[in-house]
Amino acid sequence: MTESTENHTGFLGTYFDRDTVIKISRAAGIFAWVALGIYLFTTLVSLSQFLIQFATGVFYQKGISIVDILSFFNPYLLQPIPGLVYFIGLKFAQHGLLILLDMEDNTRRAARK
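The numbering of the sequence shown is our numbering, which starts it at 33 and goes up by one.
No lab work stands behind these hints, which were simulated from the structure alone. Ideal placement from N, C-alpha and C gives every residue a C-beta, glycine not left out. Hints may contain errors.
[As the list claims (entries may be wrong)] Here are the in silico distance ranges between beta carbons for each label pair:
id, residue 1, residue 2, range
1, ARG50, LEU76, 56 to 62 Å
2, PHE63, SER97, 40 to 46 Å
3, THR88, THR52, 51 to 57 Å
4, PHE63, LEU83, 53 to 59 Å
5, LEU102, ASP49, 34 to 40 Å
6, ALA59, VAL99, 33 to 39 Å
7, VAL99, ARG50, 56 to 62 Å
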């Protein structure tokens, strides 16, 4: 990453180092995709394991109703939701940092004029 070549002004209302914020923002974006990928992968593995067991009759009981069978699938449908929440939160942080960085740049430009 290249260092900033801007002339520093006398504006002291900033707390951000541009290069550090961009690095943190990129890391948050990468971690968001990694978290989503891990949760989706583990969901796919556990769902396929369940389907194999369900197809072989491990979960079958005499007198089981269709509602009971459908309730077996609920945990597997809810399993990727925490990964989706982490993904949305980290993407929000990534874009929020970039927005704050743009606000700082605009404030610096206004201080120069």
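The hints, checked one at a time:
The hinted window of 56 to 62 Å between ARG50 and LEU76 is violated, with their beta carbons roughly 39 Å apart. The hinted range of 40 to 46 Å is satisfied by PHE63 and SER97, whose Cβ atoms lie roughly 43 Å apart. In this structure, THR88 and THR52 meet the distance hint of 51 to 57 Å, their C-beta atoms being roughly 54 Å apart. The beta-carbon spacing between PHE63 and LEU83, approximately 30 Å, falls outside the hinted interval of 53 to 59 Å.
In this structure the supplied range 34 to 40 Å is violated for LEU102 paired with ASP49, their Cβ-Cβ distance being about 53 Å. Here the CB-CB span from ALA59 to VAL99 is close to 45 Å, at odds with the stated 33 to 39 Å. Judged by the Cβ atoms, the range 56 to 62 Å given for VAL99 and ARG50 holds: they are separated by roughly 57 Å.
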